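Colleague: Residue strings, one per chain:
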Amino acid sequence: MTETVTSGGPPDQNPAESTTPGLAPETFAPAQAPSPEQPSEEVEFVQLLTPEGERVEHPDYSFDLDDDAIKGFYRDMVMVRRIDTEATALQRQGELGIWASLLGQEAAQIGSGRALNERDMVFPTYREHGVAWCQGVDPLNLLGLFRGVDQGAWDPRDNNFHLYTIVIGAQTLHATGYAMGQQRDGVIGDPENGEATIAYFGDGASSQGDVNEAFIYASVFNAPVVFFCQNNQWAISEPIDRQTRIPLYQRAAGFGFPGVRVDGNDVLATYAVTQAALRRAREGSGPTLVEAYTYRMGAHTTSDDPTKYRLTEELEHWKLKDPIERVKAYLIRTGASDNDFFDSVEQEADGIAANLRQGCLSMPDPELTEMFDRVYVEQTPQLVQQKQEFAAYAASFSVGAEGSH
Amino acid sequence: MTKISLGKGINLGLRRAMENDPKVLVMGEDIGKLGGVFRVTDGLQKDFGEDRVIDTPLAESGIVGTAVGLALRGYRPVCEIQFDGFVFPAYDQIINQVAKMHFRSMGKLRMPIVIRIPFGGGIGAVEHHSESPEALFAHVAGLKVVSCGDPVDAYWMIQQAIASDDPVIFFEPKRRYHEKAELDETAETAPAPLHQAAVRREGTDATLFCYGPMVKTCLQAAEAALEDGHSLEVVDLRTISPLDLPTIFASVKKTRRAVVVHEAPLSLGPAAELAARVTEECFYHLEAPVLRVAGFDTPYPPSRVEEEYLPDLDRVLDGVDKVMGY
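Quick note, the sequences are listed as chains S and C, same order. Residue 12 is where the first sequence starts when you use the numbering used here, and the numbers rise one by one after that. Residue 1159 is where the second sequence starts when you use the numbering used here, and the numbers rise one by one after that.
Since the hints were made in silico from the structure, they are not lab data. Quick caveat: nothing in here was measured; it's all calculated off a predicted structure. The beta-carbon is built from N, C-alpha and C at its ideal position, and this holds for glycine as well. A portion of the hints provided could be inaccurate.
Unchecked claim - Chain S side only, calculated, beta carbon under 7 Å to chain C, not exhaustive:
no.: 1; residue: Gly163
no.: 2; residue: Tyr228
no.: 3; residue: Ser230
Claimed, not checked - Pairwise CB distance ranges (calculated):
no.: 4; chain 1: S; residue 1: Asp169; chain 2: C; residue 2: Glu1381; range: 55 to 63 Å
no.: 5; chain 1: S; residue 1: Val178; chain 2: C; residue 2: Glu1343; range: 38 to 46 Å
no.: 6; chain 1: S; residue 1: Glu389; chain 2: C; residue 2: Ala1430; range: 22 to 30 Å
Required output: the full structure, derived from the provided sequences and hints.
Modeller: Printed below as a string of structure tokens:
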């Protein structure tokens, strides 16, 4: 894979730093970073499908699947957006405690998720509902964490999709360690049939120590890991210029591996770039940082209120780059799909959403007594005693219990 | 029988665990060619290679965080944290990730990780090299916390910790690394389970509870107490979490007095938990409140005064005098 570095050069020097020595600057205002609203004018990225639905070529990356595959991507993105919409509605109706929406990031997640082979391993944040979909995780299982009935009900080994990780960036080290295990297992060396690991994280996480340590470990051990950063421009209320003064993908060079920025709202480009990075990892050439340039169209979570910190016109600007609409435009423009296809996808999505709602409402609450048995593989006598005491206490409330409260 | 040091005991235990299970990895800073700053991993990289004895970048969260991934892949990583005071960059990985993974995966995932930490003072070191942070780990659900007090335990307990499917924080008494004892390397099984306390000396008047570096101190105190006419029992706890309560209760019910000794600061330390448990279970057997002899609630002091900070023979005997005075 060719390293793609197409930056417009170093950022302007911070005026505060150029103050004459000995004279304190009046303010410590941050440097004027490139505006997030106009990314393509500032820094080029890999794009294969324009917001208007036109196919374009890139010298280093090509999309080599047919229109049926693109229709598949379209279906995937519609499904996960519908799942996301339903989950947000469930939260608003009090059925989920909170929900972290992926709205706007469908292409970044489906493009990268569909580039995985069946042996690759995924370490997600808590927003990778689209990647979970690609890995075959039952969408209902994603809701458990947010409904408060479990902390991850799927078996990561069945889906090669690890549990959601809440503490920002911690999973990038897990991914790197897992990839070091793949190295030791001798499953590296074949770009198609080898194994790789992909770590998801966001622009906010790029400031975390763990993410930077993961870059260092992956680099010095040449671990087969792809660092997939969805730069959605916002870490709750903090814009990207509070995390970095250079485009994030350029950081990779300092760690000693290639970085590439892709249009994260272009599912074809995201697929092509991620696939190239995965092949590179599987063949033993080491890590890659993929920065998927996208936009969080919703709130950080349902508890957040983005009107307090960003302008509506920014959202309107990004709506024109919608990841699903551009694929639909392409499919209509080329005649690859007719209305029957789009209608059937909508119907399928509604069915999935109805099932999801039904499943969510019928999720049983967990039993606290079960919790005592999951702390250790080898239970401690202290926990056995606590469980017995709690069970006896709880039973004392039941009707007919002797000496009940 | 071979005469070995405590450090050598861990070294031999690591070696045996690596021979018995190809999934066991050792990882940390300077543990390869150098053999660790205390030489505990001496010679392991030469014999097991760089893929199994991994010199890591100098980043503790990275050590533990990548160990999580390796464990998820089926390996059994043994992480070395170079000094007690250096563990805190890895604290999030240990507390939020290692400790909780089994629980949050509803029992599906396991974290067979050992985190070795040389701990405690008495070696004249600069700051952050002499701390006793065991309570900070023992308070966390999902972790098990142990400490060896002699070379034979060092040899066996490290192997048992590695064999454990639960994560184990393994505290090594660094000032006892050079203590020596006879080890029977031909023995096939450990003398005791990992989470069982050991009565190191029988006595009738009071029990000294201790672990790690304080085991030797308490044994010396018990010997000296004979001159005062006191017969002291010494119990090496070995396991701080979970505590071996049956052994503790049996000793207290026999001697009716207890003094708990550790280097860690007094307040909210392991001794407090032990005292509470004894009060709950042995209330009518006690002749005196459970007393504690511990480090003070200050940061670890400059080394020129550490001998006054650390519980020593005289402070332990002072505690014994108090508990006998009731």
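Colleague: Run every hint past the structure and note whether it holds.
Modeller: Now the hints, each set against the structure:
The criterion of a C-beta within 7 Å of any C-beta in chain C is met by Gly163 (chain S), whose closest approach is roughly 6 Å, and the hint holds. Taken as an interface hint, Tyr228 (chain S) checks out: its beta carbon lies about 5 Å from the nearest beta carbon of chain C, inside 7 Å. At its closest, the beta carbon of Ser230 (chain S) sits 9 Å from a beta carbon of chain C; the interface hint therefore is violated under the 7 Å criterion. Between Asp169 (chain S) and Glu1381 (chain C) the beta carbons are some 59 Å apart, a value that agrees with the proposed interval 55 to 63 Å.
The supplied range of 38 to 46 Å is met by Val178 (chain S) and Glu1343 (chain C), whose beta-carbon atoms lie about 43 Å from each other. In this structure the hint that Glu389 (chain S) and Ala1430 (chain C) lie 22 to 30 Å apart at CB holds, the actual value being about 25 Å.
The structure does not agree with numbered hint 3 stated previously, though it agrees with all others.
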